[in-house]
Amino acid sequence: MTEIFKFISGAFILLGAFLSLVSAFGIIRLPDVYTRNHAASKTSTLGIMLLLTGTFIFFFVEHGHFNSRILLGIFFIFMTAPVAGHLISRAAYNTDVKLWDQSVEDDLKESRESKPSLIERE
Amino acid sequence: MAFQILLNVFLAFIWMFLKNEYTGTTFLVGYFFGLLIILGIRRFFDSRFYLLRVFAVVKLILIFTRELILSNISVLKVILRPKLDIRPGIFALETELEKDWEITILANLITLTPGTLVVDVSPDNKTLYIHAMDIADKEEAIQDIKGSFEKAIMEVSK
Chain Z
1 MTEIFKFISG AFILLGAFLS LVSAFGIIRL PDVYTRNHAA SKTSTLGIML
51 LLTGTFIFFF VEHGHFNSRI LLGIFFIFMT APVAGHLISR AAYNTDVKLW
101 DQSVEDDLKE SRESKPSLIE RE
Chain B
1 MAFQILLNVF LAFIWMFLKN EYTGTTFLVG YFFGLLIILG IRRFFDSRFY
51 LLRVFAVVKL ILIFTRELIL SNISVLKVIL RPKLDIRPGI FALETELEKD
101 WEITILANLI TLTPGTLVVD VSPDNKTLYI HAMDIADKEE AIQDIKGSFE
151 KAIMEVSK
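Chains as they are written, first to last, in our numbering: chain Z, 1 to 122; chain B, 1 to 158.
If you're looking for bench data, these hints aren't it; they were derived computationally from the structure. Just to be clear, a hint being listed does not mean it is correct.
To be verified - SDA-like mimics (lysine to any residue), calculated; alpha carbons at most 25 Å apart, straight line:
#1 Lys6(Z) / Ile69(B)
#2 Lys99(B) / Ile88(Z)
#3 Lys98(Z) / Lys83(B)
#4 Lys98(Z) / Val119(B)
#5 Lys83(B) / Ile27(Z)
#6 Lys59(B) / Ile88(Z)
#7 Lys99(B) / Phe78(Z)
#8 Lys83(B) / Leu72(Z)
#9 Lys126(B) / Lys6(Z)
#10 Lys6(Z) / Leu72(Z)
#11 Lys83(B) / Met79(Z)
Looking at chain Z on its own, in the form it has when it is part of the complex:
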């Protein structure tokens, strides 16, 4: 039984490391801030959550040690990572960082141009 759980925790950790690697690739490969943010805010969130889950399972099964701080860490990352992604892309948009030139649509720009008072406030 312990051996099976060791394999499960190893699988979680490897999967998490793989996802973090893919998120790093995504940050290098994707063309602009907003698409990079997709990779950074989603893939690395799940990657770190899987790593922490694997660590939690390992210490619980191997040493019988229930580490509630890891669970709290998973919860905090899950709640804060999407907010961080949102704030970075919002700050980028408000400081006029251009979208990729192959972007097809920009509703936010249209709505800000139709209401100029909102732009002056920035």
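Here the structure of chain Z is known, so what remains is to put chain B in place on it, guided by the hints.
Only chain B this time, still in chain Z's reference frame:
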């Protein structure tokens, strides 16, 4: 909802005092009987029976987890595909939700959905501006998903 939970805990304590046994098991038994009592007198409360809302919250958490895994798979596909054939863009989404915490949860859910990221919320809290990884084929499907998210969040706050 909070009042009903508090009342339930109170009833469990009364059960413990009646039995004169102060253990966790007695508390759980008393909590169960208190739940039955609250179910019986639910028409005297303003809000609905609180267990329904607890189930709605659990459903929302399950949706969160499923969307997180699905969005990771879709981002993975985009990054690892040799040719970069995405068409990103920003589109607007009207939302019916009104309270601030509902909009926050909706924005978090959308950020964890496959291929979408919230860029801005309009000052009147009526429109969300969403950056999509692939705008052409996704927009319709995304509107559908958002219908189900909004419904799940409304189910909690109803």
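Hint check:
no. : hint                 : verdict
1   : Lys6(Z) / Ile69(B)   : holds, 23 Å
2   : Lys99(B) / Ile88(Z)  : holds, 24 Å
3   : Lys98(Z) / Lys83(B)  : holds, 22 Å
4   : Lys98(Z) / Val119(B) : holds, 13 Å
5   : Lys83(B) / Ile27(Z)  : holds, 16 Å
6   : Lys59(B) / Ile88(Z)  : violated, 29 Å
7   : Lys99(B) / Phe78(Z)  : holds, 22 Å
8   : Lys83(B) / Leu72(Z)  : violated, 39 Å
9   : Lys126(B) / Lys6(Z)  : violated, 49 Å
10  : Lys6(Z) / Leu72(Z)   : holds, 22 Å
11  : Lys83(B) / Met79(Z)  : violated, 33 Å
The structure shown violates the earlier hints numbered 6, 8, 9 and 11.
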